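Asker: Generate coordinates for the entire structure from the input sequences, incorporating the hints supplied.
Residues 10 to 90 in our numbering are what the sequence shown lists, from first letter to last.
Hints in this document: simulated from the structure, not taken from any laboratory. Be aware that one or more of the hints could be misleading.
Said to hold, decoys possible - Listed next, the in silico BS3-like pairs over lysine-lysine satisfying Cα-Cα at most 30 angstroms (straight line): (1) K38 x K65; (2) K16 x K65; (3) K12 x K58; (4) K58 x K38; (5) K12 x K65.
Please read all numbers here as calculations on a predicted model, not as lab measurements.
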Amino acid sequence: MGKCFKKCKELLKFQPIPPSHIVEAVCQKLNFGPEILRAAKITADNFSKHALCEGKRPNTIAGVSLFMVLQFSRKYRQESA
Numbered sequence: 010m011g012k013c014f015k016k017c018k019e020l021l022k023f024q025p026i027p028p029s030h031i032v033e034a035v036c037q038k039l040n041f042g043p044e045i046l047r048a049a050k051i052t053a054d055n056f057s058k059h060a061l062c063e064g065k066r067p068n069t070i071a072g073v074s075l076f077m078v079l080q081f082s083r084k085y086r087q088e089s090a
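Answerer: This is how it looks when you write it as structure tokens:
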């Protein structure tokens, strides 16, 4: 069983989904505007590019990116109102 798993793993070469793709799927599902989508994707890409969340799962990085952007947008809306 172990040998079979190793062979399958080598053949499939599992590639993790980038956090920006997860952000895009979540934003579409929750009907967030294009501004939120763009900002969250840039944030997720920056986390990956600068290795700020190295070792974290892609869905964790995507969640943190969305959370940060949503918190900032709420704060920004309250200050400008």
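Asker: For each hint, tell me whether it holds in the structure or not.
Answerer: Do the hints match the structure? See the list:
1. K38 x K65: Distance ~23 angstroms between K38 and K65 Cα, so the pair holds.
2. K16 x K65: holds (26 angstroms)
3. K12 x K58: With Cα atoms ~35 angstroms apart, K12 and K58 exceed 30 angstroms; violated.
4. K58 x K38: holds (26 angstroms)
5. K12 x K65: holds (28 angstroms)
Violated hint for the displayed structure: number 3, the only one.
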